[in-house]
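Residue strings, one per chain:
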Amino acid sequence: MRVPVLTVFLICFGAMGTSAHDSLYNYIEVRINPDSEIRIDFSVHGPELAITYGVDPLTTDTSWLDVLSPDQAEKLLDDAGSFILKTFQVCSADENLLTASDLFLPTLPEVKESWKMSEGARPGSFVGTLLLPTSLENVTFQYGKADKRLMLVVTRPGSFPKVYDIGAEQSQKIDLSP
Amino acid sequence: MKSPLSFPIAVPIITFLVFPLVLLADLPPSLDFEEGPINSITISREGRKLAINSSTSSEVDTLLLTHARRDIVETAREVTSDSTYAPISSRDMLEGTSHFWETFWTDRFDYYKQQVTRIPTRDFPADQYLEDGETISWQGITIHFVSTPGYTRDGGTYIVELEGKTLAFTGDLILAGGKVPDIYSFQDEIREAKVGGYHGYMGRLSRWLNSLGKLSSLEIDYLVPSRGPISEEPEQDIEMAKSTARAIYQNYLSTNALHWYFGEERMNTCAELVLGPDQKTSGMPFAEHIELPDWCQHIGTTKLLVSKSGKGFAMDVGGPRSLETLKQAQADGLISELSGIFATHAHNDHTQQIAEAAAHFQCPVYAADEVADVLRHPGRWFLPGVSANAVPDTMTAEDGQTMEWEEFQFTFHFFPGQMYNHGALLVTTDGHDPVFFIGDSFSPSGIDDYCLMNRNLMREDTGYNMCFSKVRLSPAKTWLVNQHIPHLFRFSPEELAFLESSYREREALIDSFTPWDDRNYAIDEQWASFYPYGQTVKAGESTELEVRIWNHSTENHKYIVEAHGIATGTAEIELGPRETGAASVSVAIPTDAPSGIEVITATIKRDDGVECRHWCEALLRIE
Chain A
104 MRVPVLTVFL
114 ICFGAMGTSA
124 HDSLYNYIEV
134 RINPDSEIRI
144 DFSVHGPELA
154 ITYGVDPLTT
164 DTSWLDVLSP
174 DQAEKLLDDA
184 GSFILKTFQV
194 CSADENLLTA
204 SDLFLPTLPE
214 VKESWKMSEG
224 ARPGSFVGTL
234 LLPTSLENVT
244 FQYGKADKRL
254 MLVVTRPGSF
264 PKVYDIGAEQ
274 SQKIDLSP
Chain B
4 MKSPLSFPIA
14 VPIITFLVFP
24 LVLLADLPPS
34 LDFEEGPINS
44 ITISREGRKL
54 AINSSTSSEV
64 DTLLLTHARR
74 DIVETAREVT
84 SDSTYAPISS
94 RDMLEGTSHF
104 WETFWTDRFD
114 YYKQQVTRIP
124 TRDFPADQYL
134 EDGETISWQG
144 ITIHFVSTPG
154 YTRDGGTYIV
164 ELEGKTLAFT
174 GDLILAGGKV
184 PDIYSFQDEI
194 REAKVGGYHG
204 YMGRLSRWLN
214 SLGKLSSLEI
224 DYLVPSRGPI
234 SEEPEQDIEM
244 AKSTARAIYQ
254 NYLSTNALHW
264 YFGEERMNTC
274 AELVLGPDQK
284 TSGMPFAEHI
294 ELPDWCQHIG
304 TTKLLVSKSG
314 KGFAMDVGGP
324 RSLETLKQAQ
334 ADGLISELSG
344 IFATHAHNDH
354 TQQIAEAAAH
364 FQCPVYAADE
374 VADVLRHPGR
384 WFLPGVSANA
394 VPDTMTAEDG
404 QTMEWEEFQF
414 TFHFFPGQMY
424 NHGALLVTTD
434 GHDPVFFIGD
444 SFSPSGIDDY
454 CLMNRNLMRE
464 DTGYNMCFSK
474 VRLSPAKTWL
484 VNQHIPHLFR
494 FSPEELAFLE
504 SSYREREALI
514 DSFTPWDDRN
524 YAIDEQWASF
534 YPYGQTVKAG
544 ESTELEVRIW
554 NHSTENHKYI
564 VEAHGIATGT
574 AEIELGPRET
584 GAASVSVAIP
594 TDAPSGIEVI
604 TATIKRDDGV
614 ECRHWCEALL
624 RIE
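Chains A and B are the protein sequences, given in the same order. Residues in the first sequence are numbered consecutively from 104, following this note's numbering. Residues in the second sequence are numbered consecutively from 4, following this note's numbering.
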């Protein structure tokens, strides 16, 4: 069964964490709310994708993107999208819900505008968002071949976040009930 | 020949005293070499002189700079020359000092680049900058410039043939005996492994090894460094240096905490770059680890203890999301209050939101003494990742102090693991094995000692040796918790013994790799440092600055501090073995001082001849 999926891709600065240590993990946050779609944010530390442009992979301020040409920045966005698609699978009934056709990449001006609006985002990170219908009962996250661990955080109203620490090429089934 | 007591590093003095006549007899007559804090190196031809970095002649025809470290540059500044040459890689440091220091006033906070800040206080532009392979003609001599980064990001070696001997003027690249001046200068990113500067322990080793390889191919008769004696056995010293460096790095990788996060791929890339193709890391298997107990929640880098009555107690509040989650937890009734916050250590991902959280929840903040002052007065410190957000009312929790909180018993600890300014909290409660919240000091794969600027002192009385001891002496079956990791973990006795014995092996290797009388001078960039590091003053005001000195030696020493810049005067302090103290210097800000950043430096002289010029700095922002 093909499930309707809407994916929005944003670049954000400033939020979940504050420092070089944020790059220790890749992050997925699953937000389950009975009143709206299930929201899944994939967070990737941007400077690690930009080392070929001379960026320190632990850079945490916003200056590193300024040194890139517009073409380089655009390519970086493409690379980030490709990384997410290559690294993460979100499966329901063996169907990968995260596909290239669902992925929207903003233009560079949109990216820069999003910086201003995104106070509270993880410094230097790219965030891709996947919205799923509430009718889904569960999904399985398959973490692909990666060079660091994945922190999978599931949040529900009225509960503490549930955290899963996942190694490369491991999977985790998540109950999506509110 | 100048007295060898002026040589800045103690052990080679003895070596030099034993062999000087042999050395002098073989040196080309046109070379004048005198040991000093920065060696005086002068070549004379037909009444004209050329100097490398420093010269006892106040005027020379040509001055060659090997790199732009502040003590080198400030010494070179004393030499008047018609033309100055420097590596192209040194240009930014020689010409960009104003910009660097002006921006460093703010860049010093949340700082994760981890580069030595021994930048010149003002510009010293060269007349010509050299690319790798370029040559200079001077008085019939051809001087070959070889780019040799590694010990520093910049750096070059000048190759000169004099009277049939080939000499390499190496600056700080390598010292006689196959040593280097220190370890911390090598800290840098390892781009190939996607390891950033903060995690890049000796990250420039591969570049340094490449530089040494260049010298090995040149059939050099003498290595002439800018510190310590001349090497008469270049190839032997180079091979010894390479071998020791690789052993240190292999040892580091074998016990490293980053295996947990980064896995084999990145760590093997690190290994291959330094140890050679197909070399792999061989860390220990992950220690036993299990899920956190129900009473401990993982929220970003915050660990939240929740009592049976519904009260909360937080370890660290780093990012805004952590604070938002704590607020939401209270709004949702998951906790009725936040009773207190314990700051494990001074990095911003653990402290940035503590002040706001404490204000919101109206709760006290506790920290080990070594952490508390950084929280109260962050501008007075320069350490990796310190947040500018002060926590003025932080309460000091003494080492060993206990506290009851709900059904839990707390024991506060000074725990100088990941960084010196670090604490830990042992938590016991009925029905569960004890849990030791050790901040960021260990992961299930080992030791979080990847950043040399964190001051991981390798002393028997502190640093990781103290942490090993505290872990070993903790109650039976104690679990450890790292703030970044949502698990309990604990080392078996065999694993802990492996970590400790490996660490001691590395201590011995560093002893043989560096020339100091105690390895900690080579590990601890801040063995002499200003306090406060930064402060705002007004023109016409006076202020006092401390130079805090850690006598890492196991002997008494008297230290003399000479201040430079708008600070003047000297101060003395005598310190016992392993003792720390402070010497104060006065600063009178001229009434007509312009607004902006003023850099004050201090030269440190030790009573046995160690002299470190312009070694540490303080920043004054004049309003």
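Simulated from the structure, these hints should not be mistaken for laboratory data. In this text the structure is predicted, and so the values were computed from the model without any measurement. Treat the hints with caution; some may be incorrect.
[Claimed, not checked] If the Cβ cut is set under 7 Å, some of the chain A residues that face chain B in the computed set are:
1. LEU127
2. ASP159
3. PRO160
4. LEU161
5. LEU200
6. ALA203
7. GLU272
Yeah, the Cβ is synthetic: ideal placement off N, Cα and C, and Gly gets one too.
Checklist line | Structure versus earlier hints - violations, ascending order | finding: Going through the list in order, the structure violates hints 5, 6, 7 and respects the others.
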